[in-house]
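Asks: Here is how the chains run, residue by residue.
There are 2 protein chains.
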Amino acid sequence: MNPEHPAPRPRIGDVFGEMLRDAYAIRTGIGRRPLAGGRVPRPVIEIIEREDGVINGAPAEQYLAGPEEWQPHEHRAVARVRGRVLDIGAGAGRIALELQKAGSDVTGLDVSPGAIEICRRRGLRETVLATVDDHAREGRRYDTFLLLGNNLGLLEGRDRAAGFLAALAAMAAPGAQVIAQGTDPYGTTDPVHVGYHELNRSRGRFGGQLRLRLRYRELATDWFDYLFCSVDELRGLVEGTGWRLTDVDTADHPYYLATFTLDG
Amino acid sequence: MNPEHPAPRPRIGDVFGEMLRDAYAIRTGIGRRPLAGGRVPRPVIEIIEREDGVINGAPAEQYLAGPEEWQPHEHRAVARVRGRVLDIGAGAGRIALELQKAGSDVTGLDVSPGAIEICRRRGLRETVLATVDDHAREGRRYDTFLLLGNNLGLLEGRDRAAGFLAALAAMAAPGAQVIAQGTDPYGTTDPVHVGYHELNRSRGRFGGQLRLRLRYRELATDWFDYLFCSVDELRGLVEGTGWRLTDVDTADHPYYLATFTLDG
Numbered sequence: 001m002n003p004e005h006p007a008p009r010p011r012i013g014d015v016f017g018e019m020l021r022d023a024y025a026i027r028t029g030i031g032r033r034p035l036a037g038g039r040v041p042r043p044v045i046e047i048i049e050r051e052d053g054v055i056n057g058a059p060a061e062q063y064l065a066g067p068e069e070w071q072p073h074e075h076r077a078v079a080r081v082r083g084r085v086l087d088i089g090a091g092a093g094r095i096a097l098e099l100q101k102a103g104s105d106v107t108g109l110d111v112s113p114g115a116i117e118i119c120r121r122r123g124l125r126e127t128v129l130a131t132v133d134d135h136a137r138e139g140r141r142y143d144t145f146l147l148l149g150n151n152l153g154l155l156e157g158r159d160r161a162a163g164f165l166a167a168l169a170a171m172a173a174p175g176a177q178v179i180a181q182g183t184d185p186y187g188t189t190d191p192v193h194v195g196y197h198e199l200n201r202s203r204g205r206f207g208g209q210l211r212l213r214l215r216y217r218e219l220a221t222d223w224f225d226y227l228f229c230s231v232d233e234l235r236g237l238v239e240g241t242g243w244r245l246t247d248v249d250t251a252d253h254p255y256y257l258a259t260f261t262l263d264g
Numbered sequence: 001m002n003p004e005h006p007a008p009r010p011r012i013g014d015v016f017g018e019m020l021r022d023a024y025a026i027r028t029g030i031g032r033r034p035l036a037g038g039r040v041p042r043p044v045i046e047i048i049e050r051e052d053g054v055i056n057g058a059p060a061e062q063y064l065a066g067p068e069e070w071q072p073h074e075h076r077a078v079a080r081v082r083g084r085v086l087d088i089g090a091g092a093g094r095i096a097l098e099l100q101k102a103g104s105d106v107t108g109l110d111v112s113p114g115a116i117e118i119c120r121r122r123g124l125r126e127t128v129l130a131t132v133d134d135h136a137r138e139g140r141r142y143d144t145f146l147l148l149g150n151n152l153g154l155l156e157g158r159d160r161a162a163g164f165l166a167a168l169a170a171m172a173a174p175g176a177q178v179i180a181q182g183t184d185p186y187g188t189t190d191p192v193h194v195g196y197h198e199l200n201r202s203r204g205r206f207g208g209q210l211r212l213r214l215r216y217r218e219l220a221t222d223w224f225d226y227l228f229c230s231v232d233e234l235r236g237l238v239e240g241t242g243w244r245l246t247d248v249d250t251a252d253h254p255y256y257l258a259t260f261t262l263d264g
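If you read the protein sequences in the order shown, they are chains A and B. Numbering-wise, the first sequence is residues 1 to 264 according to UniProt numbering. Numbering-wise, the second sequence is residues 1 to 264 according to UniProt numbering.
Worth flagging that the hints you see were computed from the coordinates, not collected in a lab. Think of the CB as a built atom: it goes at the ideal place given N, C-alpha and C, for glycine as much as any other residue. Be aware that a few hints might be false.
[Stated by the list, open to error] Incomplete in silico selection of chain A near chain B, CB under 8 Å:
#1 Ala7
#2 Pro41
#3 Val192
#4 Gly242
#5 Arg244
#6 Leu245
[Unchecked claim] What follows is a list of derived Cβ distance ranges for each label pair:
#7 A:Arg9 / B:Arg141: 45 to 55 Å
#8 B:Arg9 / A:Thr28: 19 to 29 Å
#9 A:Gly31 / B:Asp134: 24 to 34 Å
#10 A:Arg137 / B:Arg33: 23 to 33 Å
#11 B:Arg140 / A:Val40: 33 to 43 Å
#12 B:Asp134 / A:Pro67: 48 to 58 Å
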C-alpha cells in the first residue's frame with residue numbers, strides 16, 4: 001500500500017523472558033496462556049531479526065525440550081560436566097534442571113529476569129541474574145562453564161571475546177573447563193547468507209558475526225552481536241586469552257562442541 | 001547495544017509465495033528445502049508485523065493442512081458450496097483441492113505467483129493469478145465465492161469494502177452467494193490489542209482494521225490493511241452494496257462464517 005510507511009519501533013524489553021513465560025504457560029497450563037482473538041491458544045514463536053532485514057521464526061518450545069528431545073551433542077556435552085557448573089545463558093533451565101536432577105552442583109545464569117523466574121518456578125535452586133562480568137565480581141568459583149544452545153555466540157566477535165573469556169577465567173577453579181556449542185555458518189550457498197558474510201568481512205567483522213535483535217509481540221531487544229564462527233576462527237579468538245582449545249567434537253556438523261581449559 | 005540502529009528495510013517481494021514454496025518442500029520433499037547452517041531443515045514460519053511494532057509468528061504448515069486438520073467451521077463452509085466456486089485467496093489450495101476432489105467446479109484465485117504455482121503443482125486445474133477487480137473484467141460467472149482462512153479481512157475497511165463486493169457482484173451468477181470467514185477481535189482484554197483498537201478508532205478506522213505486512217526471510221510485503229471486525233460492523237459495511245447478510249454462524253466464536261446473497 002505504502003512502502004514508505006515508517007518502520008515500526010517496538011518497545012525495548014525482556015523479550016526472552018516474556019516469550020519463555022508464555023511458552024511455559026502453554027506447555028504446563030501454569031500462568032496466563034497467550035490467546036489469539038481472546039480465546040484460542042496460539043503458538044509461541046521466537047522471532048530473530050538481522051540488521052539487513054532477514055527475519056526468522058522458531059518455535060519457543062525448544063527452550064523447554066526434555067532430554068529425549070535434545071540433540072545428540074547436548075547429551076555428549078552434559079556427559080563431560082564435572083564439579084561446580086555454571087550454565088551460562090540458562091534460558092528456561094532445560095540443561096541446568098537435568099544436571100541438578102542428576103546430582104550436579106549447578107548454577108543457572110541469565111541476563112533475562114523472565115528466564116530466571118521460569119528457571120526458579122521449574123525448581124532450579126541456584127540462579128544468578130547477571131552478566132558473566134558482574135557475576136565474576138562475586139568471587140564464586142566453578143569447574144565447568146557451559147555455553148550450550150549456540151551460546152558460544154556470546155563471544156560476539158573480536159571486541160568482546162577476550163573480555164568474556166577473562167570473566168570466565170576469573171571464576172575458574174584450578175583445572176576448570178569451558179564446554180561451548182557453536183555453529184559453523186559457512187556451509188551455506190544461500191546468497192542471502194553468503195552476501196551478508198561478505199558484507200561483514202568488508203566491515204572487518206567475522207563473516208558470521210550476526211547483528212541481531214529478538215522480537216516478541218510488542219517487545220524487542222536492543223541490537224546485539226552474536227557469533228557463528230568456524231573452528232579455525234574460534235581458535236584465533238581464544239589465542240592469548242589463557243584458555244586453550246583442547247577438544248573439538250564436530251560429529252553433528254555444522255554444530256560443534258568446543259572444550260577449552262586454562263593453560264598451565 | 002545501540003537502540004538507534006536504523007530499522008532494517010527488507011526487500012519487497014512475493015513473501016507468501018516463497019513461504020508456501022518452502023513449506024511445501026518441507027512437507028513433501030519436493031523442491032529445495034530451507035536449511036539452517038546449510039544442513040538442518042528449519043521450520044517455516046509466517047511472520048506478521050503490525051504497524052505499531054507488534055509481531056507474531058505462525059507455522060506455515062497450516063496452509064497445507066488436510067481436511068482432518070481443518071477447523072469445524074471450515075467443514076461447514078465447504079458443505080454450503082454450490083455451483084461454480086471462486087476460492088479467493090486460495091493460498092496453497094488446501095480448500096480448493098478438496099472441493100475439486102469432491103467434484104466441484106472450483107477456481108483458485110490469488111495475487112501471489114508463488115501461491116498459484118504451488119496450487120498448480122498440487123494439481124489444482126483452474127487457477128487465476130489476479131485481484132478480484134482484474135478477474136471481474138474477464139466476464140466469468142460464479143455461484144459461490146469463498147473467503148476462508150480469515151479472508152473476510154480482504155474487505156480491508158470502509159474505503160475498500162464496497163469496491164471489493166462490487167467486483168464479486170460483477171462476477172455473480174443469479175442467486176450467487178459469498179461465504180466468508182471473519183474473526184471478531186474485540187473479545188480480548190490484552191492492552192496491546194485494546195490500545196491498538198482505540199488508536200484505530202481515533203483515526204476513523206475500525207478498531208480491528210489492522211495495518212500489516214508479512215515478512216519471510218529477506219522479503220516483506222508492502223503495508224496493507226486487513227480487517228478483523230464484529231458481525232455488526234460487517235453488517236454496516238455490506239449495507240447498500242447490493243449484497244445482504246443472510247446467515248451468520250458464530251458457533252466457533254471468535255471466528256464466524258458470514259453468508260451474503262445478492263438482493264432481488
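Asks: Taking the beta carbons of A:Arg9 and B:Arg141, is their distance inside 45 to 55 Å?
Replies: The hinted range 45 to 55 Å holds for A:Arg9 and B:Arg141, with Cβ atoms some 48 Å apart.
Asks: For the hint on A:Leu245, does the least C-beta distance to chain B fall short of 8 Å?
Replies: Violated. Min distance 20 Å.
Asks: Close enough to count: is the Cβ of A:Ala7 nearer than 8 Å to one in chain B?
Replies: holds (3 Å)
Asks: Can you let me know if the beta-carbon spacing of A:Gly31 and B:Asp134 is within 24 to 34 Å?
Replies: Violated: the Cβ-Cβ distance is about 48 Å, outside 24 to 34 Å.
Asks: In this structure, is the beta-carbon distance linking B:Arg140 and A:Val40 contained in 33 to 43 Å?
Replies: With Cβ atoms ~36 Å apart, the hint holds.
Asks: With a cut-off of 8 Å on the beta carbons, see whether A:Pro41 makes it to chain B.
Replies: violated (12 Å)
Asks: In this structure, is the beta-carbon distance linking B:Arg9 and A:Thr28 contained in 19 to 29 Å?
Replies: Because 40 Å falls outside the window, the suggested range is violated.
Asks: At the C-beta level, are B:Asp134 and A:Pro67 separated by a distance inside 48 to 58 Å?
Replies: holds (55 Å)
Asks: Please check whether A:Arg137 and B:Arg33 have a Cβ separation lying inside 23 to 33 Å.
Replies: Once the Cβ atoms are compared, 47 Å apart, the range 23 to 33 Å for B:Arg33 and A:Arg137 is violated.
Asks: Given a cut of 8 Å on the nearest C-beta pair, is the interface hint for A:Gly242 held or broken against chain B?
Replies: The hint is violated - A:Gly242 has no Cβ within 8 Å of chain B, the shortest such distance being about 26 Å.
Asks: Interface hint check: A:Val192, Cβ to nearest Cβ on chain B, cutoff 8 Å. Holds or violated?
Replies: holds (5 Å)
Asks: Report holds or violated for the interface hint on A:Arg244, using the least CB-CB distance to chain B and a cut-off of 8 Å.
Replies: It is violated, given that the least Cβ distance between A:Arg244 and chain B is near 26 Å, above 8 Å.
In this structure, the earlier hints numbered 2, 4, 5, 6, 8, 9 and 10 are contradicted, and the remaining ones agree with it.
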